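Q: Residue numbers (my numbering), protein chains in the order written: chain A, 366 to 1158; chain B, 185 to 541; chain C, 1118 to 1345.
Keep in mind the hints are simulated off the structure, nothing from the lab. Because the structure is a prediction, the values reported are computed rather than measured. Just so it is clear, CB atoms sit at the ideal spot from N, CA and C, and this is done for glycine as well. Do not rely on the hints blindly, as some may be mistaken.
Straight-line Cα separation of at most 25 Å, SDA-like style, residue types lysine to any residue; simulated pairs [to be verified]:
hint, chain 1, residue 1, chain 2, residue 2
1, C, K1281, B, Q244
2, B, K261, C, Q1316
3, A, K473, A, V512
Coverage of chain A stretches by chain C, computed from C-beta distances (three or more under 8 Å per stretch; other residues unrestricted) [claimed, not checked]:
hint, region
4, 378-386
5, 418-430
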Amino acid sequence: MNNKTNGQQPENPVVNLQNLFNQTLSSLSIAADEQERVRLINDFFRSTQDLPEDLTCSFHLQLAGLFFFLTASFQPDCLPPEELRDYVETSWNLYRKFQDKIHFAQLKETLGNLFFYQALNHFYLGELEDALRALRRKQKLAAADSVDKLAEVLEAVEEEAAADIRELKDRGSSNWLIFSELAARLGRENGLSLDLDLIQEKWKKFSDWSSDNLFCPLVERRGLLQAGERSRLFLLECRCRRSGGAEGHNTIRFSNLPAYGQEETYLMATDALEAADHLPKAEYGLNLPPCNLLFSFSEKNFIYYGESLSLPLATLSLTQKLISGQRRLYFAFSRQAAFTGKVNLNGETQRISPEALEMKVRAAFYSGLSYLVIPADNLKEARTYLYELLARHPWRKLELIGVGNIKEIIADSRICRKIKRPLISHLIRTRGPLIRRGLQAILGLSIIVAALVIINKNPSYHFWKIRQPVIIEVHGNRLFAHNPEDQLLWTFPLRQPFTPNSLQQRFVDLDGDGEEEILVSGNYLSEEKISSELFCLKKSGKLLWSYQPGRRIKTLTDEFSNHYMIKRFEAAAFDLNSREKSVLIIGNHVTWYPTQISLLDARGRLLGEYWQAGHLGQSALLIEDLDEDGWQEITAGGTNNDFQQACLIVLDPRAITGCSPGSGNPDFQFSELPAGSQEYYLLLPRTTINQLMGLRNYITGVHLFREEKMLEIITHEFSKETSCQMLYNFDTRFNPLLSRPTDVLTEAVRELVVSRILPPHAETELRSLKERIKYWDGEAWVTYPARNKKLTF
Amino acid sequence: MSRQASRLAEERKVLLKLLYIINNNYKESDLEELILSMVRLILPLVRKQSGLYLRLAGYQPRDIALLTISTLFIRNKQGRFPVLEKLFNWKIIEKFMVAREADFRRYLRNILSRRLKQTFYYLSGEIQPERAKIRREILYTLKKLPGCRINKENGRTMAVIQPEHPGRTKPTILKEDQSDRLVEICLNQGLGSLQVPKFFRRLIEVLSDRKSPVEVSLNTLLETYIETQKNFLLSEVGNGPVTLSSSGTGTASPEISDLLEELQVRNTLLLNRYLTRNKIRKEEKDAYLRALNDLFQDWQDGGQEKSLYEYLKKYAPEISPGEYRQRKRKILEYLIKSSRDFLKIRLLEQHSASGRT
Amino acid sequence: MTDRNFKKKTDTEFVNLCSELARPANFRRRVKLFHHLSQVSPFPHLVGFSGLPSYEIYAERRSLVSSDHSFLLRILHDQLSGRLEAHLLHPSEHRYRYTFIVLESLKHEFLTDFHGWAFLSQIEEDRALAAVSVSPPAAVFELKPDDEPVLIFAEEELKECRLKTEFFSVGPQPTLKVRLVNLPEDSEIKRVVLVIDDQETLIAVPQKDLTFYELPESFRTLRIYLYE
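Here chain A stands alone, though its shape is the one from the complex (with noise of 0.2 Å):
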């Protein structure tokens, strides 16, 4: 029983601190985070401080890099300030022992991290001048440009706080808000504006509301025994899908969970699903459908099992489960709060283990949260544990909210929120798919019918269709050309609508391209006085040119309306050797006499007018090259109003200008016009018939016998039933050849000549009829047949 050893070995501190350095070596290869890390090697630290320095230095030096490495960039959260202040102190420490293998700029960036960390923490405890304190440090800190002048940084003198920070700090409901209001005040003054702004950026995660993660305190567990070591925040995350049919209930899966433990962590999963089912149905009637729930962890390397996880893990899968069902509401919790606690099957809440909570109420005192949700059964341990925090820190604003049921977490306006979808968003929702496919069709059933509306209005776009050859017609005031078949193939609008009989149609190609042009006249239709115009049209309805005849003119007595009806228009190449046509067209005063002759060329452009004092027979029109010079005359014939005769004009194409001879008679002398540039005038006599009986003769055919070379001019003399006409030959230059009467006029004339109506040398004059013929030689009447003197060519 003797326990006493033999010459007892003194303990060798060699060997002890080896296997310290030992220890905290595989620690810090298993270490959950760079957190834990640093900690660890401060521990080390710190108990091997008091050791002789020739023991420890190269202990320390080892250890000594990864140290600054580590704060420098480590990102701590939960931690009491304190802890900080110690790693300033043994960062300073090491500093100043091995100052010749650290680099100043490297302690600077560990200083300058642990301040800002330390005046985060403050702020999360609403130690304002303490926070303030340190961002002063490390704002004098970044000027410190010696060892020296840090080490007047560390060991300044504090100040007086400012009394308004003082008066801040009790008024404030949150520490959040007291911090932001400490923000506005200090403004973007005194270079703290970027600290600032980092803190806030950091605190920003304790705020909002989320429907898919919550915060939960979680305490980690090692080693053997499984020992608590330190509770730290995570953000569980959750996300939802309705499952199929198949499995009928709901299913859990873990992303990232360690190895032992999972199937307790898998029953306890379930339990709080089954409590997320059952408050639904017991308060609001609702079954859910069953879904496949995906939880995941922020941190990836935690080691935690545990009961008190089943309360965050049904209240989180209750608002997913909603939002996956489709329902128009659901629940967002407050990112302020933390939740931690058990549940049953009916969703109330049960009591926690306190060695856990007390280290969950640590965790969440340093942090930035406002709330912290434990089971009702635990608030009054977990009030005790958070007035020992508070007795060392007594700014900080940390909540308890005790609660039986998961109902009190929904009913607590502070930690959750009901949000109901507006009714739109949410058909959008739950029928998007089908709203969607319906738009989708809407939009091409409207793209469809419009197109067939404008195809439809636009028979230009009917390529099924054969385009040649082409009909006008005129229906109202649009033309409408047909194919044979009749089909539309395109309309031409009008200014006015056309009378439809007045309607008269060439297709003819005018300027020589192969393509035939169409060309289209009409009378518009009016209560005042008529017009007329000539459009020139492709084939495919395009419009090319248009023309309107007349003009006002005057005689020295008379004005005349500019309203002309285009009695006729023929195409024809008037020059033999050229491609082109010219277009001629015989208008005449829709009351009056004067008729203009105009000549148009290819492209509607006026080539010359020619005004005649007396209308133009319609059928009376021959364009032939008679003198065989490579240009066809026009031959017109009609009547003179001033001579009462019937006259024949005959233009060459070259020289249409001028109005026809006039007797001097005041009433028939157009004004403004020069002399007529015919060719001929020729004035026919009138029978006696005509004389008596009519106002005047006129023409009314011209005709050209080609093989003869011969011309036949048909005037009207006189009308019974039918129409008594003269025949009159010429040759081609106009030599009168034979004058004759027809049947019907020399029947008509015997019996008025028998009657006694009639002169007898009414019948006898009719063979000699062409001995009186006059000729219009440019300057005065001839008898003889002679070409206008005056032309030039």
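Once you've looked at the hints, dock chains B and C against the given chain A.
A: Frame of chain A; chains B and C shown alone:
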């Protein structure tokens, strides 16, 4: 290989080994060889210089040699040899790699000799002189010297030194406490480097020049001798021997070379005068000059190496010791004395001119 | 023995004596060290893969211990300077300060400083560290100017050992003469180390129990360490 040749080879080896050492690129064998070479080089010097001390103490020549050499090979923390590297630094080694071997030899010997003197000096406190032995030697020498008589009175042995032409005066008894005077005389006469026989012969000569006889006890003479030797060593170590070398580089600075040239011109003039007076033969003049040159070289390297006769004998072997003693010695000694004076004055002038004291 | 043989014998003796200056010490008082399995450093894994420069200022290469675990020799690589350094630890100060670390295979010895550190020059670790021993001082004296040397530490056998010292301020440099006195019969001091102000270290091989050291112009403390 002749002794000289083998010696030169040894020195060359030393130089190479030193080179390795300075470059810190040597093997253990290199180091061993260097130490061995140096010890071998220093041993003759030890034997020559330490006669007195060797007989006085229980140190073997090799002990002294090793002691001296070992001080060069003290290592520092980095494993280098600071003392060695200071004496044989890179600049010096580089110079000697291209210089004449004789130059390096002189330099090396200078160093070793100096270190040896230092060792003796440091050991002087250790050494218990073998008084009895020295005393016997002094007695023996005095008995043989003319101008000196030994008397035994009351158990004390006294030596009476008579002048050449003694008067009828009674000899002055030199008291014990006046022995300092004697030591001073000995030092001034430069007797410190001499062995017992030469020492006392010279002393007698000096004392004989006085007009009155001196009586001094043997003990006093013994102490005087020992003291002189100690002090001489002190002065040698402290002030350094009359060296003409500047900052230990081993070769004369340009000013010194100029001085020596001037000196030789002067000596030539002097010798010419002797020649005209038929004191010396024409062939001898050259020998004198060369001998003087050698002596001056040796002065640069640390001091006179051998007796003056030997300097002259090298270039004029036909001169017998007797002839030298009778006729040549005076001339040579006069030339040396005047050269020494000349140099002293000129060096002093130079020093004060350049502001150095 | 014939003259010739005698001469030969003395010659050999002489050569040996000379060589002793050059050869390693071959201390009699030595403690052998053995390789010690230590914790694998986690540092490379902690920081190495981040691509950042290694913050492991010192990397432990090897650890050696004596059989009683009183001596611990840590061989470390200084990442900043690239040098290999040895750190000797022992509970007693006189065992790790100014102790010789002997690398048997290289036949090289290194002396630790006041803190137990020795800077190892470029050596091939594996070969060099195959056989290592340490030789701590057998006696330590402190020298005050104008005073007798004081024995501050000595092994049993050398408790009676004394030093006689003498300063010489003439000559080119001040010189310290050290004589070992009252050494036991069978003891042989292989090295005498002079430490000046804990800064400069001079290692001498005593001849006839004597060493001479050239000192700097001014100094405060001198300590003398004897090694058997």
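Q: For each hint, tell me whether it holds in the structure or not.
A: Now for the hints, and whether the structure bears them out:
For the suggested pair K1281 (chain C) and Q244 (chain B), the alpha carbons sit about 22 Å apart, so the restraint of at most 25 Å is met. The suggested pairing of K261 (chain B) with Q1316 (chain C) holds, with an alpha-carbon distance near 9 Å, which does not exceed 25 Å. At roughly 10 Å between alpha-carbon atoms, K473 (chain A) and V512 (chain A) fall within 25 Å of each other, so this suggested pair holds. Coverage of the region 378-386 of chain A by chain C holds. Counting CB-CB distances below 8 Å, 6 residues qualify, and the rule asks for three or more.
Taking a C-beta to C-beta cut-off of 8 Å, the region 418-430 of chain A contributes 9 residues in contact with chain C, enough for the three needed, and the coverage statement holds.
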